[in-house]
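A.B. asks: Given the structure of chain A, go ahead and fit chain B onto it with the hints provided.
Chains as they are written, first to last, in the numbering used here: chain A, 956 to 1263; chain B, 410 to 829.
The set of hints was computed from the structure by calculation and includes no laboratory data. Accuracy of the hints is not assured; some may be wrong.
[Claimed, not checked] Chain B is nowhere near these chain A residues, computed Cβ spacing over 10 Å in every case: (1) Lys1062; (2) Ala1152; (3) Leu1212.
[As the list claims (entries may be wrong)] Per the computed footprint, the stretches of chain A lying under chain B, defined by three or more beta-carbons under 8 Å from a beta-carbon of chain B, are: (4) 961–975; (5) 1038–1044; (6) 1131–1139; (7) 1189–1197.
[As the list claims (entries may be wrong)] Quick list of in silico lysine-lysine cross-link-like pairs, DSBU-like style, CA-CA up to 30 Å: (8) Lys620(B) / Lys1238(A); (9) Lys1238(A) / Lys616(B); (10) Lys682(B) / Lys797(B); (11) Lys804(B) / Lys760(B); (12) Lys546(B) / Lys1238(A); (13) Lys532(B) / Lys768(B).
C-beta atoms are modelled at their ideal positions from N, C-alpha and C, and glycine is treated no differently.
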Amino acid sequence: MIGDYTYVEFSSILAMQGFAGLSLFSVFVLMALGLAIIFGQMGVINMAHGEFMILGAYVTYFCSLFFQEYLPSLFGIYFFIAMILAFFVSGALGVVVEWLMIRHLYKRPLDTLLATWGLSLILQQFYRSVFGAREVGVTLPDWLLGSISLTDIIDVPINGLFVMAITLTITLGVAFIMYKSTWGKQIRAVVQNRTMAGAVGINTKMVDRMTYGLGCGIAGVAGSAFTMIGSTGPTAGQLYIVDTFLVVVFGGAASLLGTIASAFTISQAQSTMEFFMSGSTAKVLTLLTVVGILMLRPQGLFTLKIRR
Amino acid sequence: MTDENSENKMNITRRHMLAGMASIPALAMMGGALKASDYPTAAVNTSGLAVTDDTVTVGILHSITGTMAISETGSVQAEKLAIEQINASGGVLGRQIEYIQEDGGSDWPTFAEKAKKLLVQDKVASVMGCWTSASRKAVLPVFEQYNGMLYYPTFYEGLEQSPNVIYTGQEATQQIIAGIDWVSETKDAKSFFLLGSDYIWPRTSNKIARKHIEKLGHKVVGEEYYPLGHTQFNSVINKIKLRKPDVIYAIVVGGSNVAFYKQLKAAGIDMTKESPLLLTISVTEDEILGIGGENIDGAYACMKYFQSLDNPNNMEFVKAFKERWGDEIVIGDVTQAAYLGPWLWKMAVEKAGSFDVDKVREASPGLEFNKAPEGYVRIHENHHLWSKTRVGLAKPDGQYELVYETADLVEPDPFPEGYQ
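Chain A extracted, bound-state conformation:
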């Protein structure tokens, strides 16, 4: 007996809490990755990140409607197609936004904050006018519903596992692009020294545009995945934006590894504390801890070692 619980109960709870923490971790990584690329690599403070996510969620919603109506036999796999579409739709919007707005503001990073915040308001009202103010429910294929019962108490949610798998795939994909591909090298070159990168023949403007598009596309995939665990509505993006920035800033803006480490720290801390105290208190404590650490290490957990 530990406290009021039997030993079996206690170990089950440890297992389930561990899983809850991991699943929160993958959610954090997924939502922060796109922002980490945009904020970390380009220095653009993208307040409209949540709205790019919700665009992905809406794409998923319309995909589910389309498949129900016209291709019911393929409904089981629509989610994969929806995610790919979400990537391209959000990414395309990102490219357009970069061309119309962001590229004029590279020299004024703080103004990007205001501009993208305005963009987020515009997008929210756009969704509201076009898709309606009410939340929509995305129907999931049956195989994504429910849980795997390991013991009487332990149930592992299937959609949680699925989100983890997506997160892993996308993280590996991003790592590959950033560190192995030519394009990734170009991105990193531009980040470290824009003038020199231009001098050796890299089209820095195109690199910027594509990087922004990539970040927004990943946001779209994240939004698509979150239809499984959260709500889809015009303002649902706002639910994620604070946590997203928290993860990216805490991790150290320019480092993908930092983002992952910070997502891990915050998610584990939060889910453990939520178990032992009330949700609101846990949130307050998490934020206080993050503020405390950032006061000691303003640059975040990890930083790039570059000569300035």
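C.D. replies: Below, chain B without anything else, positioned relative to chain A:
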């Protein structure tokens, strides 16, 4: 029962009289429409309201932009429908209702500003509006200062009673006590886990719930609050699994709702098995649209109105609502309460024979409305409505099936003794 019979008769005659026309509640037909010429403007409007010989202007004040638009859209639709129906049946004191709609923009100071504009500049005779308690609290001083009349539709935490507000939704005890009695009697529930979003309504409601649960001799095994917009409920779901309550009493709102029910289902809690049973007071048919019927199948909700209510009034209402706003639409508890506002105002005005707010206020207590979709309602001295408490079982198609209703109307008690 005699009441219902006469309603049926009325409906049949009406169907003949008005074949093809959008439904007009029979009430208006009973006495025949009043003629404006019998009520000279100077006599019915001594306080300078926007009343002419053939029109009267009211205000509609809800959020149609911002976060709350999702919830308030239904209320706006219901109020407009009621106003159109009243106009089609001859108006109020023979005058057609015109409305000025203002957008509160989900921002409480904006609500106050727009309320002032409606009362001071537009001189509206009454206002249908507000949804959240925060917006109501923001406009309250304005209504009291300029002596306006607000018809407020949402179920809320109580602890308020203003001479300038008619509360057409339930206050907390009307929504909570009968539901807990029901679940402990018929489902033999002994232990409860209280859960809510972290603001005044869920906290006050859970306080009342806890008092009542303990009074019945049952146990509260947990009480938890999560910030508005919280989307990760895995930890609390684990906690619920461990404490094994008979009932999860959930007052989660907004986007969090969707996350909570999806994750509850994914964590292997099948609500149709009722162990634990889930009882909520914050999920109407409107919210189920976002949650998805399959995710909340088997939950119980305690409300005063469900779209599926099987009575002639409601069938008329649902039919008219769908004709006006589209077949896909669903109608939740608050939407119905919003629909009552214009009707109750019309009745008060006609009883008083005047649009003056003071006279309308005097005429309001004791007013009876037979044609409410929820059934018969009556305005209490304390400006709330007597109404029944009902429990519905959520079905996969997103509708509730009525499983219980109180035998009598429940008296509104905004300041419950011993519950604060």
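A.B. asks: Determine for every hint whether it applies to the structure shown.
C.D. replies: Evaluated hints:
For lysine 1062(A), the condition that its CB be more than 10 Å from all CB atoms of chain B holds, with the nearest at approximately 33 Å. Under the 10 Å C-beta cut-off, the non-interface status given to alanine 1152(A) relative to chain B holds; the minimum distance is some 39 Å. No beta-carbon of chain B is positioned within 10 Å of the beta-carbon of leucine 1212(A); the least distance is around 23 Å. Given a C-beta distance limit of less than 8 Å, the hint that chain B covers the segment 961–975 of chain A holds, as 6 residues qualify and 3 suffice.
Interface restraint, the segment 1038–1044 of chain A with chain B: violated (0 residues with C-beta to C-beta distance below 8 Å; minimum three). Restraint check on the segment 1131–1139 of chain A versus chain B: 0 residues with Cβ-Cβ distances below 8 Å, three needed, restraint violated. By the rule of at least three residues with a Cβ nearer than 8 Å to a Cβ of chain B, the coverage given for the segment 1189–1197 of chain A holds, with 6 such residues. Taken as a hint, the lysine 620(B) and lysine 1238(A) pair is honoured in the structure, with Cα atoms around 27 Å apart against an allowance of 30 Å.
The suggested pairing of lysine 1238(A) with lysine 616(B) holds, with an alpha-carbon distance near 22 Å, which does not exceed 30 Å. Among the hinted pairs, lysine 682(B) with lysine 797(B) is consistent with the structure: their alpha-carbon atoms are about 27 Å apart, no more than 30 Å. Between lysine 804(B) and lysine 760(B), the direct Cα distance comes to roughly 42 Å. Violation of the 30 Å bound is thereby established for this hinted pair. Of the pairs offered as hints, the one joining lysine 546(B) and lysine 1238(A) holds, with about 27 Å between alpha carbons and a cut-off of 30 Å not exceeded.
Under the criterion of a C-alpha separation no larger than 30 Å, the hint pairing lysine 532(B) with lysine 768(B) is consistent with the structure, at around 16 Å.
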